[in-house]
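S.K.: Each chain is listed here by its residues.
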Amino acid sequence: MLVPCCFRLARVLEQRGGLRASGLDYKPDASSCSVFVPLGALYGCRRADKYGSICVFDTEAEKVALTPEKSEQTAGPAWPDALYDLLCAEGVTLFAYVPDAGHKVLIERSLADPSVKSIPLTTEEEGVGVLAGANLGGAKGVLLMQSSGVGNCVNFLSLVKSGKFPFLILISMRGDFGEGNPWQMPMGQSTQRVLEAMGVLCMRIENADDVLPTVSAALTMTFKSGNAVAVLLTQKLLGAKAF
Amino acid sequence: MSYGTTTQEQLDRGYVLDRRQAVPALVGDHRDFLIVTGLAGTAKDIAHLSHDGAHVFTMAGAMGAAVSIGLGLALAKPERRVLVVTGDGELLMNVGALATVAVTRPPNLAVVCVDNGHYGETGGQRSHTSLGVDLKGIAAAAGIPATRRVSKQDEVSAASKLLRESNGPVFVVLKVRPGDPPAYKRNMDAAACRLRFRAALLGT
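These protein sequences, in sequence, are chains A and B.
Using my numbering, the letters of the first sequence correspond one by one to residues 1 to 243.
Using my numbering, the letters of the second sequence correspond one by one to residues 1 to 204.
Bear in mind the hints are in silico, worked out from the structure with no lab data behind them.
All of these numbers come straight from a predicted model, not from anything done at the bench.
Beta carbons: idealized from backbone N, C-alpha and C, even for Gly.
There's no promise every hint is true.
[Claimed, not checked] With the C-beta cut set under 7 Å, the calculated list includes, among others, these residues of chain A facing chain B:
no.	residue
1	Glu126
2	Leu136
3	Gly137
This is chain A alone, in the form it adopts within the complex:
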């Protein structure tokens, strides 16, 4: 069975001889960072290196996310690495971001990955424009931001709605479950309603087990059925901040 994985992982597997041993000559697609490798090759390396979290898809219609046991060296939950692999496997090549602790792994991995482009923004609204431009050029992008920045995006969401742009945001929440900073509450409590008022579909995640299936669904709803979708990573998932 062949499964998609990110190009960088495939190179690691190739260097190790795993792909050659299986007789598979993989060819990276220039327009995408994903390649197909035998499932066995992935199993062989799951706990062996820093790519410990690998998202694989069943060949059947339903996508199944296999999250391996957390490696001993890795601090923090396993889902952020698996999420990065999922986004790459689905052909996301632009990561536009305003920094937030909830997106730390995605930001760091995108910065370190030569097969994607990572774009630091001065304000979240820039990211809306960047992703629209990426769509005009045939690339898939994702915007990583905190809920505090949703208000900054509102006017630019006119572009998304008028142009029917496929549009995907991953939003780490502030101002919800257990928030300790009163300044975060107004935007956090309005985030979903503001997005929905501008035609963006919202999907909330509270459990680590739901991250990959939800983002996988969001990717399909964005890039296959052409919606604007926001995935809200809640403070139940990320943990509340006291500042």
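The hints should help you fit chain B onto chain A, whose structure is shown.
M.R.: Showing chain B alone in chain A's frame:
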């Protein structure tokens, strides 16, 4: 402020060129680029020049997004030259985008700011540039490696060459006097224009 005539103050500040001649002269053969425009004035300038071409995406809202859209397009299509043509008011609304262009350094992106120092669509109120703000200086200070100010006819052709040949982001301020852009009725359906643009560029 009177339109159509050049005042001494405009002459002093370099707002002399007529956009109806200066924009086409600076852009040259528009087919050399994928083009993103701002609203109103620059959208009409380029729609008129290109006959609302499929390689052009014009805006009619989301003011401040033009440079960011151009950046995303340039990153997605590194083998094509991307030109953003926008106004001073539109650019001032999201001037941080120049900082992002500077740090991202797409070699194939050029930005032209058609600067008449005024909000031409809303009654001709003065913008920050005619009150002393120097957008070329901001772009240079942000770190955009190639910047030019064009306010005279004999400066146009070198800047036009720079838009095509620079290996790094380019920023050109084209100073023009306040005055109407050419009249042109372009397609304002953003979804139709998006699909038209992608079909022409990507065949999808």
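S.K.: Given Glu126 (chain A) as an interface hint, is its Cβ closer than 7 Å to any Cβ of chain B?
M.R.: Holds. Min distance 5 Å.
S.K.: Report holds or violated for the interface hint on Leu136 (chain A), using the least CB-CB distance to chain B and a cut-off of 7 Å.
M.R.: 5 Å, holds
S.K.: Is the interface hint satisfied for Gly137 (chain A)? The criterion is a beta-carbon contact with chain B at less than 7 Å.
M.R.: Holds: closest Cβ of chain B sits about 3 Å from Gly137 (chain A), inside 7 Å.
The earlier numbered hints are all upheld by this structure, with none contradicted.
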